[in-house]
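There are 2 protein chains.
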Amino acid sequence: MGLSPRQFEQLRQRLARPRPRPEPVSAPLPASPPSRHGVILGIDPSLRGTGLGVIRHARDRNEMLEYAVIHCPPGWERSRCLAHIAGTVRAMIQRHHPGVCVIESLFQARNYQTALILGEARGASLAVAAEAGLEVYELAPRRVKQAIVGYGAAQKPAVAQMVRRLLGLAEAPPPDAADALALALAFAQEQGRAVLSPLKRI
Amino acid sequence: MGLSPRQFEQLRQRLARPRPRPEPVSAPLPASPPSRHGVILGIDPSLRGTGLGVIRHARDRNEMLEYAVIHCPPGWERSRCLAHIAGTVRAMIQRHHPGVCVIESLFQARNYQTALILGEARGASLAVAAEAGLEVYELAPRRVKQAIVGYGAAQKPAVAQMVRRLLGLAEAPPPDAADALALALAFAQEQGRAVLSPLKRI
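From first to last, the protein sequence lines stand for chains A and B.
Just so we're aligned: the first sequence equals residues -7 to 194 in my numbering.
Just so we're aligned: the second sequence equals residues -7 to 194 in my numbering.
Errors might be hidden in some of the hints.
Here are a few chain A residues that sit away from chain B, every Cβ distance over 10 Å (derived from the structure) [what the hints assert, rightly or not]:
#	residue
1	Pro(-3)
2	Pro65
3	Gly67
4	Arg135
5	Ala145
6	Lys148
7	Ala162
Calculated cross-link-like contacts (lysine to any residue; reagent style SDA-like; alpha-carbon spacing at most 20 Å) [unchecked claim]:
#	chain 1	residue 1	chain 2	residue 2
8	B	Lys192	A	Pro65
9	B	Lys148	B	Glu163
10	B	Lys192	A	Trp68
11	A	Lys192	B	Pro65
12	A	Lys148	A	Arg134
13	B	Lys192	A	Pro66
14	B	Lys192	A	Gly67
15	A	Lys192	B	Gln105
16	B	Lys192	A	Arg72
17	B	Lys192	A	Gln105
18	A	Lys192	B	Pro66
19	B	Lys192	A	Leu39
20	A	Lys148	A	Ala60
21	B	Lys192	A	Glu69
22	A	Lys192	B	Thr106
23	A	Lys148	A	Glu130
These are calculated hints, taken from the structure and not from any lab test.
Predicted model only: the values in this text are computed from it and were never measured.
Cβ coordinates follow ideal geometry from the N, Cα and C atoms, glycine included.
Okay, chain A solo, but in the shape it has when bound:
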């Protein structure tokens, strides 16, 4: 369909007008974590058995780099456990240079004393991660299970089996390490969709 000379002139003038910039429809979305988070450290802290897991995330697959459970015998003083946790997390960071650290978000503990001691184990780990320059994110346990098993109330053995399968491991890692790897895997999955459901940086 051709344009008449008048129609053409109208169109030309309309296109020549300065165009108003569209108003943003909402506040800018929080920046999603940049895709450079290829190496991800998951931490499942506790005073006597902190789980650690490091994965390398690529577009089509996730590779397990290392996992560990930091055992602190019951006879050890609390401060000795905290030093051991801090040192082990630091060494793992130095080996793999993760850009991000993922931890479970706060949940209800049995009692105040438990919360405080769990908090100490978290603080020892997170301070090391943050000092090493890692960005620290929290994921709710339900969101992790939903991402890994597809079911928010999944039990620990189911999580460990899915972690084994997703990472192509010969056998399931010990439960605390499996939980840490699950955190890292869930973060890897979720960071693509973070615009819809932002990840919480702490």
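Starting from the known structure of chain A, fit chain B onto it as the hints suggest.
Here is chain B on its own, set in the frame of chain A:
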């Protein structure tokens, strides 16, 4: 009242018998901290305003070496605060080489979330102290106030004023730093009497 010869002989025989060693009434007391703890670091942790205080303890006097409050603005992420706390505690330890670190024992917090966040601040500090080789002790708040003010339910300003006086400072330190110095001073006082009322190493 005199003794008859028979009474005297009975008494003599009783005293001559091998005396049974008294059974210990309880488990042996834990070893009290050695007196080499001349330089003492007190820590009063919290996420936004951790108090630190270092004193040198001698037989006849206590000298304030340094105090500080680690401010973390409300806008900072939690992990950034923890890194800042860890770094500041580490730097203070490197400047003064304390042999012991004293912290308040666990007490009731308002709620679970508060306990967990306080625990994280404690964990960040204690891990650094323990990694640097310090022995870590806990003192109950009442015991600190009793030692410093002579009254277990003393208010913060009274503690700060006594800390000022005991250390011969020109003015009272800010409350969080005063609490940290009070912990160090109380430990200095208590370590001499630790056999009667053992100090709790954690």
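Against the structure, the hints:
1. With a least beta-carbon separation of about 61 Å from chain B, A:Pro(-3) lies farther than 10 Å from that chain, consistent with its non-interface assignment.
2. For A:Pro65, the non-interface assignment is confirmed: its Cβ lies about 15 Å from the closest Cβ of chain B, beyond the 10 Å cut-off.
3. Even its closest Cβ contact with chain B, about 13 Å, leaves A:Gly67 beyond 10 Å, as expected for a residue assigned away from the interface.
4. The beta carbon of A:Arg135 is kept farther than 10 Å from every beta carbon of chain B, the shortest such distance being approximately 19 Å.
5. Once the 10 Å rule is applied to beta carbons, A:Ala145 is consistent with being away from chain B; the minimum gap is 21 Å.
6. At roughly 21 Å from the closest C-beta of chain B, the C-beta of A:Lys148 stays outside 10 Å, upholding its exclusion from the interface.
7. For A:Ala162, the non-interface assignment is confirmed: its Cβ lies about 34 Å from the closest Cβ of chain B, beyond the 10 Å cut-off.
8. Distance hint between B:Lys192 and A:Pro65 is fulfilled; the C-alpha atoms sit about 19 Å from each other, no more than 20 Å.
9. At most 20 Å may separate the alpha-carbon atoms for a hinted pair to count; B:Lys148 and B:Glu163 meet this at roughly 15 Å.
10. About 14 Å separates the Cα atoms of B:Lys192 and A:Trp68, which keeps this hinted pair within 20 Å; it holds.
11. Proposed proximity of A:Lys192 and B:Pro65 is supported: the alpha carbons are some 19 Å apart, at most 20 Å.
12. Pair hint A:Lys148 plus A:Arg134 holds up; C-alpha atoms about 12 Å apart against a cutoff of 20 Å.
13. As the CA atoms of B:Lys192 and A:Pro66 are separated by approximately 16 Å, the hinted pair is consistent with the 20 Å bound.
14. Distance hint between B:Lys192 and A:Gly67 is fulfilled; the C-alpha atoms sit about 14 Å from each other, no more than 20 Å.
15. For the hint pairing A:Lys192 with B:Gln105, the CA-to-CA distance comes to about 16 Å; that is within 20 Å, so the pair holds.
16. At roughly 14 Å between alpha-carbon atoms, B:Lys192 and A:Arg72 fall within 20 Å of each other, so this suggested pair holds.
17. A C-alpha spacing of about 16 Å is found between B:Lys192 and A:Gln105, which places the hinted pair at or below 20 Å, so the restraint holds.
18. At most 20 Å may separate the alpha-carbon atoms for a hinted pair to count; A:Lys192 and B:Pro66 meet this at roughly 16 Å.
19. Simply put, B:Lys192 and A:Leu39 have alpha-carbon atoms about 18 Å apart, close enough for the 20 Å limit, and the pair holds.
20. Simply put, A:Lys148 and A:Ala60 have alpha-carbon atoms about 17 Å apart, close enough for the 20 Å limit, and the pair holds.
21. Distance hint between B:Lys192 and A:Glu69 is fulfilled; the C-alpha atoms sit about 10 Å from each other, no more than 20 Å.
22. Taking the CA atoms of A:Lys192 and B:Thr106, the gap is near 19 Å; set against the 20 Å cutoff, the hint holds.
23. Of the pairs offered as hints, the one joining A:Lys148 and A:Glu130 holds, with about 19 Å between alpha carbons and a cut-off of 20 Å not exceeded.
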